[in-house]
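Peer 1: Now that you have both chains on their own, put them together as the hints suggest.
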Amino acid sequence: MSQAQTSVGHAEKADIFCKDEARVDWHSKALWLLRQKRDRAAAAVPEWEELRTLGSEIKLHTLTHLPQYLEQFEANCQKNGIIVHWAKDGDEHNRIVHEILSKHQVKKLVKSKSMLTEECHLNPYLESKGIEVIDTDLGERIIQLNKQPPSHIVVPAIHLKKEEVGELFHEKIGTEKGASDPTYLTRAARAHLREQFLTADAGMTGVNMAIAEEGAIVVCTNEGNADMGCNLPKLTLHSMGIDKLIPNKEAASVLLRTLARNAIGQLITTYSSFYHGPKPGGEMHVIIVDNGRSEMLKDKLLAESLKCIRCGGCMNTCPVYRRSGGYSYNYFIPGPIGIAVGSKHDDTNTIPWACTLCGSCTYVCPTKVPLHNIIAYQRRLKAEAGKLPYGKAGYMPMVGKLMSSPTLLNCAMSVARFSLRYLPGSMLKPFAGAWGKYRELPKAPASSFEAWYKKNRSK
Amino acid sequence: MKIALFIPCLVNQLLPQVAIATTELLEKLGHDVILPEGQTCCGQPMTNSGCFNEARSTVMKLLNAFKGVECDAIVCPAASCLVAAKENFHEYDNSPEAKAVIDKLYELTEFLHDVAPVDSFPRAFPHKVSLQLSCHGLRMLELANASESMKPGFNKMAALLEKVPGVEILYPEPRDECCGFGGTFAMDEGAVSAKMGNDKAQAHANTGAEYIVGFDPSCLMHLDGLIRRRQLPIEIRHLAQILNDAI
Ligand code: SF4
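Protein sequence lines, in the order shown, are assigned to chains R and V. Numbering (this note's numbering) for the first sequence: 428 to 886. Numbering (this note's numbering) for the second sequence: 983 to 1229.
Just chain V, with the same shape it has in the complex (with noise of 0.2 Å):
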């Protein structure tokens, strides 16, 4: 498939090992991948906050990025921003070309679950793995039932991740509790967001995991830095990263 990758802000200045695992992986798999230029941030601090007038102009363009762009489908390793982007766009474009590009816009784990489905993957990674279930791409983009929902459960991160031989999958208690990070809600309610990232850290290395596994790398992120403050012996992996060194 041809590929357009949508690479938030975010992950292109701070966490571009994320974004390079995403093509290597897509590329690995038989994909063609391309980066279409004039990408900016998603709007979602903007939006998420109520102002949607200063997001006018960063989301149209990201869109006008996407517009025209040939390929099958756009392929995002954010889930939280692929969100955003898909609410954002619809708000403030409903042309036919805007549609093109929504009805392409994919959220990775998504994408290698649903649309390009992967039988296996050969390499081994032997170690054990806490899952972090982040909010928006469990609740509404429905990677995964949400401990709320009495609907049959399902897993698609944990779906992918049981085909790299030797992953021992684990999850923290609670399950899919909020992180916290929540964009500028980590600046806005410091103390609850912080409380909140460290129980949920600390919940992550009680299960004894090596690593914490996401698609979610703004939650990732600050996990990370609380991690880090508090020294616990675990870290963070993005699941591109784990399954592009597990091809």
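Isolated chain R (complex conformation) (with noise of 0.2 Å):
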């Protein structure tokens, strides 16, 4: 399986995951799992909806006061004894996390998930200053080893069989050859990374959620184990974006309500910790990272997408990516919301279109981020950016003159039917280019409604 090339739009990499069809139906199966679970989970709860409704209020409430919280969270950090930091852009992240780790002499760093530090490729840069970064979530480590991004945001190495997990162990850890079982690999990969955790220097974790109010960060997780990296060394950094922040308590009891649910079904994340300070003798770090937000916050719509509280519902329900796999998205976050934030970063153009704007996504959501409609509208700015896809520049306009000229219409659409009629199949499909691959043509009627009406019901 490929991994993400820029180079290669949506459609392309999507085909080359389609040809292997048992793999497709594998992957595909094992997410609709994943929103089986949620539609269950979801339907215990019988407010549900209003935890949405709510979610999304209490999301876009706090991005519409972001100074005042983004101040308020400062101050208590810093009365909690927290060392905070502001990034313009990863790069700046990047820099503030290596000056730390480098007047702490750090070796080696245990992180847990974190999409922001993706989005900065953190781990590149760390590496090639000369620090170890081990990712500690299981499924990120197993991608790691494996020389890979995340394909998705929850569930990184879910385009991964077992058998493949198995063989990269056998290899990078010394499990038995030939080994799948999932608890056996667990605990191989468990011993092995409770090495990681007794040798690390400094501990790094994402962060769910910043409360203003408290000065505090939630982090979630099933595993521990990022607990284990905030609570073994005495060093731990924490990133964010600008996008967590929270007022208070309350709104985290909503959020941290339906984030598990939403994602695997699951009441709530093992794991949801809150941190609101360094432990005695220890310092605790919190990089608050812009990167681009705050030029989305200005869209009213692209703003909405900030409400995104990472559960990956989102790609669980999308039919798109369930049969293309998470590498063909061109943007380290794939699915809806991945095209509603990294479309803009997207060279093909490619990936708004990598949609059939169903719409499943957005009533999965359990902050009501209008994803179809962002997804329509990255398509739009894309379009008066000069930047179409697929060939569109050039016959879009002319599709528009055909469709607005009901005279035009009618004359190439009687040839149309003509054509559909009389010549034969073979003849046709080589110019009805995807659709003839995939499909018999439409079984032409001899005249349109128009003409029909007109002889029957015209007085």
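Calculated from the structure, these hints are not laboratory results. Treat the numbers as computed from the prediction; the structure is a model and nothing was measured. A portion of the hints provided could be inaccurate.
[Stated by the list, open to error] Computed cross-link-like contacts, DSS-like style, restricted to lysine-lysine with a CA-CA straight-line distance of at most 27 Å: (1) Lys-1010/V - Lys-882/R; (2) Lys-661/R - Lys-506/R; (3) Lys-828/R - Lys-1049/V; (4) Lys-1133/V - Lys-456/R; (5) Lys-1110/V - Lys-870/R; (6) Lys-1086/V - Lys-881/R; (7) Lys-882/R - Lys-1043/V.
[Said to hold, decoys possible] Chain V stretches covered by chain R per the calculated footprint, using a threshold of three residues with CB under 8 Å from any CB of chain R: (8) 984–998; (9) 1121–1131.
Backbone N, C-alpha and C fix where the C-beta goes; we use that ideal spot for every residue, glycine too.
Peer 2: So this is what it looks like as structure tokens:
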């Protein structure tokens, strides 16, 4: 399976992914299973839809009052003894992290899953500076050993089968050859990771929520790896986007109820930990990153994408994501939310079109991010910037002309109807592009409805 | 009621039987049906692609065909075209005349369920049907409760079909996943579109139904092409065709 290559468009990558139909079916089913678990978990909460409305309002409120909450958060963090840093972009973030680590002569950093550090390309940066970075979330560790980026934001190694993980582990951490039993592999990974925790000089985590009123951060994991990384070394670092802010604990309680349920159908993440300050004799740093977010906030619709709490629910439900794989999106976040926040960064300009606008993601989202509207809007932004893919820049004006003229349209369609009726299908198929490649062409009627109406109803 | 038909280009040109059934059905229900002249495409292929400049003259042409037309409702037997027309009219024209048109727009299922409800359909249709809950009708017009939503369930298409004696209603699994048509998506993303459509067609066939019944002709046409290619033992029918035969 190919990794993210940025010069190839989504359709082409998806086409390659689709060649192995058994694998597509397996991938699609694995994710649909999560969607079904989510449905059951959500259905068990009578006030589910109210929670979604509340979640959306909480995030929107915070985003529209962001400066005041950021200030409050910083002040309260400092009161708690947390050192706060501000980074305008990924580079600045990485520099800050490196400065802190080199001041403490850190050789090995244990990290828990964070999409923000992916966004900033932190791992390769630190590695180039001679610091060893160990991802400690099981899925993250698997893909780190496999030298791949995540293919999903919650289940980052979902594209790998257990047999493939077994092979990888055999090669990298010495498990038995041919072993693919998940329990055995997980145990082996645990032992391997424990070793890493005990020998690390610093721990780093992402942030699920930052509570302004408390000066505290919330970190959610199922494996407790973030807590190992926070509690063993004395030095801890936490990176967060400005969009992670929420006003208070009550807000956290609302979002915590939907996050894990919507992600994988679990009541709550096993470890939902609140960190209020450094441990005695330790140091705790929070790095607050903008990296284009305040720019997005200026656009009313794009701003709504910052309500996302990264549950991954929109990917699990997305019929296109499930059948094209996480590496086809040309952005480190795939699926609907990846299109919503990443279209600007896709040089092939194809990812906004990797969507049928079915709207399932919008309905699944626990904070009501209007994903399909944002995706449609991203297309418009591309069109206005003259960046249409798939030859659309050439043929759309012609389609526009054809459709706006009933005479032209009638004329073209009579030819089409005639051809569909009287020319052999094999002659037409090459002309019918992707339609005819996969489908029989429509059975053409003898005349249009308009003609029928004129004949049968006109007085 | 006096009803103006909105027959989108695809239905007009390639699926006239759907428009004929819609006309006959509405007439049998006692409505006065007219077809305003000069209708064209709703602009969806362009606006869905982000090309709003290219869509303007098409959309205005369609809107103008309805401006000033005397009627109580404008009814369309194609959910996604109706949604597109509604949104696009609004995008390009804010005038009171445009608003008058927009306010009268109804999708056929919606019209028969909410505006001019029908008590019963007398003639039996003793067949198993598998319902195609197409996305735009489902999630943008709320013709049925989407499976993602935890609101109380309802389904306007099923409610109408339940009034036809002998109909047995079935659902594919997953019940309301997108069929992969998505307008130009079917052309741009051929492989994924076909895979989605084949999965959907197979899911419909797995129910054992004889017909796939839906409210969106474009999805039905896409499924039909895939069904015939793979020779699955199931056929497509638009809701209007079933109801028209049942009255
Ligand atoms: S956009 Fe919504 S559904 Fe998707 S990951 Fe974010 S919170 Fe979850």
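Peer 1: Are the hints correct? Go through all of them and say.
Peer 2: Evaluation of the provided hints:
{"no.": "1", "hint": "Lys-1010/V - Lys-882/R", "verdict": "holds (19 Å)"}
{"no.": "2", "hint": "Lys-661/R - Lys-506/R", "verdict": "holds (19 Å)"}
{"no.": "3", "hint": "Lys-828/R - Lys-1049/V", "verdict": "holds (21 Å)"}
{"no.": "4", "hint": "Lys-1133/V - Lys-456/R", "verdict": "holds (25 Å)"}
{"no.": "5", "hint": "Lys-1110/V - Lys-870/R", "verdict": "holds (24 Å)"}
{"no.": "6", "hint": "Lys-1086/V - Lys-881/R", "verdict": "holds (24 Å)"}
{"no.": "7", "hint": "Lys-882/R - Lys-1043/V", "verdict": "holds (24 Å)"}
{"no.": "8", "hint": "984–998", "verdict": "holds (count 8)"}
{"no.": "9", "hint": "1121–1131", "verdict": "holds (count 6)"}
In the structure shown, no violation is registered for any of the earlier numbered hints.
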